[in-house]
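> Here are the chains, one letter per residue:
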Amino acid sequence: MTAALLAEQLLNGAQLGVLLFLIAAGLTLVFGVMDFVNVAHGSLYMLGAYFAVTLVGRTGSFPLGVALAVAATVVVAVTVERLLLRHLYRRSHLEQVLGTFGLVMIANEAVRIVWGPAGLTLAPPHALAGQVSLPFGIEYPAYRLILLVAGVAVAVLLAGFGRTRAGMRIRAAATDATTLQALGVNVGALATGVFALGAALAGLAGGLAAPIVSVKVGMGESILILTFVVIVVGGVGSVRGAFLAALAVGLIDTLGRAYLPDVLRHVTNDAAASALGPAISAVLIYVAMAALLAARPQGLFTRGQ
Amino acid sequence: MNARARIGLIVLVVIAVAMGWNLGRQGKIEGIAIGFVSTFSGGSAAIGQDMKDAFELALDGMGRKMGGQVITVVYEDDAQDPAVGLQKTQRLVQQEHAKFVTGFIWSNVLLASAPAAVDNNVFLVSANAGPAELAGAQCKANFFSTSWQNDQTPMAMGDVLNRTGVKNLYVLAPNYAAGKNMITGLQRGFKGTVVATDLTQFPEQLDFSAELAKIRAANPEAVWVFFPGNYGTQFFTQYAAAGLLGKIPLYSTFSIDALNLQQIGPLVTGSRFTQSWAADLDNPANAKFVADFRAKFGRTPSFYAAQAYDSALLIRSAVEAVKGDVTNMDAVRAALRKAAFPSVRGGFKFGQNHLPIQNFYLNEVVKGTDGKFASKVVETVYRDNVDPYAGDCPMHW
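Chains as they are written, first to last, in our numbering: chain A, 1 to 305; chain B, 1001 to 1397.
For reference, chain A alone in the conformation it holds in the complex (with noise of 0.2 angstroms):
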């Protein structure tokens, strides 16, 4: 167990953390100034990986052909947000949860219909195949470090966003909605923008995965629960908070599949050790979820702190 290991352990699961952070800001955000549960978030990032596979392969450039998947991803979200989901913005959370888990099965079989069952998957750009050498004799991955990379930058361009009179808007939505609207901003404008803003996040989350996870139907319910625990432990609409919460969920799911084998091999035999190992490490967040909840119910930021 080295500092090179650990380092680079810490990197993976930053670079988890920030993936995380890309679909939770903006489903987090929905919930914070919509009230609105939308369980068709994932379905978001299952579009925007399988729009940036096809664009990416038309236009030959990765970066324009996520580019044009966030686009893609965005005009989808906000046809659909207007067409239909906002109809269910003044309904209860449970008619919110039917109404977008029917939205989840819709997109599951158009995305069958359109590419296929099978799974599609995605090359990394050819500049970023290789590894880049970092400090402590670390070989990592180019593509992931990019990756993380432009999660962080996301994250500091919606810290500063949020210092801006739209973000200003957009957190005062979160606290009060009513006084706002009272105020003469156009709330129903707002959500519009805030759901494509969601959107465009889970779009961009989708397109840069798809050279690392395999591009399928259904890719987005796996990441969706992942993605509530980040937002419930987060506090609900606060982006700080699901920046933090992705951060903890993505260090404690690489860490636990990287150690957790070798700590329980101190107290079992080796076999039981390799096969509890990713059992246990698979439900580790969940075991810490339920932890932080019991100790602060809100999560660790509260609605527009």
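Derived from the structure by calculation, the hints contain no laboratory data. It is possible that part of the hints are untrue.
Each pair of labels, with its calculated beta carbon distance range [said to hold, decoys possible]:
| no. | chain 1 | residue 1 | chain 2 | residue 2 | range |
| --- | --- | --- | --- | --- | --- |
| 1 | A | ALA123 | B | VAL1378 | 22 to 32 angstroms |
| 2 | A | PHE101 | B | GLY1298 | 35 to 45 angstroms |
| 3 | B | ALA1083 | A | PHE101 | 14 to 24 angstroms |
| 4 | B | THR1072 | A | PHE101 | 31 to 41 angstroms |
Beta carbons are placed, not taken as given, at the ideal position from N, Cα and C, and that holds for glycine.
Model the placement of chain B on the given structure of chain A, informed by the hints.
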């Protein structure tokens, strides 16, 4: 008896005769239903499709009839989920009245689904999964396999690694029934030291960054993995992206197949792996199968396809032997045990536990003159290999 009563009686007799005649005919006109459970959605859908294509090819080749009976195949998607597999198998047995159920890529899906068929007088022929549980003491009279027992192929690879001179090895596989069998099998053959064993989360884990970092830190002499289908594609790609390719030799079992070979070919050229079937195996049945498959689908069949093809031929051999009357389970079982069909593997015979006794070949990935990647047989590692659990199976016949 008055006239009206007589007419009534005649009508009754006619109806009774007609019904009896229909009942008698039923067995002949209804045909036989075969259930096929495989993965047709998600990241592993390409495997299920390859198996289905091969099964359809085999059926077309026999005029979609066996022993004079019309064959109906019902394909079901297990979504790579044991619970779904069980539910689909139950549906095939109870609602479709399938006499045979085949397919099954994943050992965990097969283990969950098998009882629904074999305990309800339905034969199950696995065309891929070969978990140890169904091969040893718990072997089933109604379970057959046209693939292998999970331990065998990696065991052959372990032997090859000994001869290659590999002394210490880092081992990775997904954390489910087959992954554990594969590691056990490898260690049956491999005599060197296993420096570390990493089991990854299954089926969700496709990002191996944490494991790759550990491999780099451990710096073993070689790495061996079992990552089937798209797990293999992801692992090889990420192994290369992590800069390990060419530094630490990577060996694998069931991770390179005809479905992912063109994609990962540049990363695995020269790589060697063991298999009980190969597209270039030299026998008439295989030559016909590979040629027909290529002609119809424009690609080389995978080992999954070959095993599904054999499964169709095995089922036909038994149905023909009982002349289409599959009601007598004992007669069908006796016919299945004979394995009297032209297998694409050349010879084919069953051991006591209804798993094949067969050869295992060493294959190498080569780049053809046409720029396409292919595998070619290098040598025979095992001849007529019996799986290590067969001795524990109490069945005798």
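> Against which earlier hints does the structure fall short, listed by number upward?
The structure breaks none of the hints.
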